[in-house]
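Following the hints, complete the assembly by docking chain B onto the known chain A.
Chains as they are written, first to last, in my numbering: chain A, 1352 to 1611; chain B, 59 to 457.
One or more hints might be untrue.
Said to hold, decoys possible - Just so you have them, the derived chain B footprint on chain A, three or more residues with Cβ under 8 Å: (1) 1410-1418; (2) 1442-1448; (3) 1461-1471; (4) 1489-1495; (5) 1513-1519; (6) 1526-1532; (7) 1535-1546.
Note that these hints are calculated values from the structure, not bench results.
Even for Gly, the Cβ is constructed at its ideal location relative to N, Cα and C.
As a plain string of letters, each chain reads:
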Amino acid sequence: MELILNVSKSGYKPFLNTKIDAFIIAVNDYSEGELYKLSLDKLEDAIKEIKVANKQIYLKMNILLSETKLDDFRKDLDKYTSLEVDAFVVSDFGVLNIFKERNLLERVIFNPETYICNNLSAKFISDLGVKRISLANELELDEIIEIGNHVPGKVEVMVEGLPKISTSKRNILSTYFDYYKLNKESDIYYAREENRDSKLPMFEDEEGLYVYNNVNISRFNDLSKLLENNIKYLRIEGFNKSEVEILELINKYKGGEAHE
Amino acid sequence: MNKIELLAPAGNLEKLKVALAFGADAIYIGGKEYSLRARASNFDIEDIKEAVMLASKYNAKIYVTCNIIAHNEDLDDQDKFKNYIKALDEAGVIGVIVADLGMISIIKEVAPSLEIHVSTQLSTMNSETVNFLESLGASRVVLARECTLDEIRAIKENSNIELEVFIHGGMCMSVSGKCVLSNYLTNRDANRGGCAHSCRWYYDLYDEQGSLVSDNKFTFASKDLETLNYIKALKEIGVASLKIEGRMKSEHYLGTVIGSYRKLLDDIDKNININTKDYQDEIKKASNRPTSSGFFEGSTSVEQQIFDRAAEIPTQEFVAKVLSYDKESKIAKIEQRNNFNLEQELEVFGPKLKTTNLVIRELYDEDNNPVVVARHAKQILYFKSDLELNEYDMIRVKK
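Looking at chain A on its own, in the form it has when it is part of the complex (with noise of 0.2 Å):
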């Protein structure tokens, strides 16, 4: 099994000498939705550090591109692809095609969020050559064990964390506070339908608006399930956890002590 956990606000540092294997971090100008983000010459320092601990690190540039900032996504691109980085975690078609171009979708994760959810896509796109591809998180069991087998060792699944469910180019909290001329002081606020008690965080950066599920999905239950038909690439997303929840998660996935 790998063991990823997609860093948020806690870091990365809290977890370097734990039986985590990777870590995802987000890249200022090129990714979206993550609260953690370094820029170029702190990710030299952290590539570092996670080497030192012998983890994996990936690289997320999940931007969906727009066509004002392909140019610039060119030209900068080989800034990140000579870092000793594990790989890349990409969402955009553009983008994919761009590592394509270069011969180095060897190096691409593919995660389109909620798009992959059948054998012929989980197909099509692995076969183009990535690394391997990420599923939707609104699988059921059964369809993930299915789109496994039907791409073996490909395929990676989120196991715990809250799923995101809406990504907007828009940015709806900061137009809502301009509106009603408040002030808008969090990170993260709470949406709660009217006639419903569950509140959805969500969260804004400049390059939009992203809504999470209040309620975690956690897959520990089908661990074994998993790991028998060889989905070993397992995710834990931290937007939204605590250290101390994230060592949790860490030692129930990994068995005994969360720490080496």
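Frame of chain A, contents of chain B only:
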């Protein structure tokens, strides 16, 4: 200037006839399976054949949506999907609109002459994606609604295949294909036709401390898109197709919106001086939601969002559809759609008829009984009109 396609939606055959009559160059429809908008009536194969036949009379094209993001259960029976695609091809459908790239290889295998149009569900925002899709066999890409006008221009300059751009209608608040709000809140899969428009509900907003931010309700809802001011520019850019959203929309809406954009396009071609306000005023008569230009000018702000329920606008009520008109007797045959009275101030508009005031002073049912209040749904009625009317003309209450 380039000839550009006006592409309209139709949820059933009646709406398709209206769309054709009001000047659509192409219509997109959904089949009974594999299509979003599961709650539209949609078309079985026989309907699709009839749609193609009707469209051919107007030299118009039919595209069929196969734009769900499929799960294995949707594609388990691949023979069923293949047979469906073959049937579409044999029916004379010009192209299919797909979101799932896994479907493309099947379509190319069984119906190589069918055009493949890649859905907005793939969130295409750059020319690199367009070029990638071209390499897979797509002949057209429906761009994401998040593209600005300048970005559309640049994408066109940097790619080869046809581009289709949404010009009017409902806007998801989310990037298309990236929203499963409905899945989690109502157990209805937004990417397989079940979207419950949870983004349009009203919410209370809380901060990280759990305090209510304000008594003002929060909603994700965005204004509808309206791009009358940008149509000339889109033609100049060389966009292939202008897409109106709305397979769930009414005949009245379709007639009003399609008719307005058709007139605008024709007036642009004739180099007539254009005051877009005239077309906007017409469209407002059938739209119940406020509109904005979406992302055409750049990032969105207060102007593109809805903030309260009061934003919903009552439309001018559509009361009857003209079924036929006898030039000799000047008798119009109409089908009632909402209640109206004799002497009520009405207006009539149509594919060849500019909006004109109308007052009906005598009205008769099929047994020649006089009618004072037309209150029975879809009742067939007759009245004398000196104004020449045509099939598909529409009568509504004058505001």
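Practice problem: Quick one: which hint numbers does this structure break? Sort them smallest to largest. | Solution: The structure conflicts with no hint, since it agrees with every one listed earlier.
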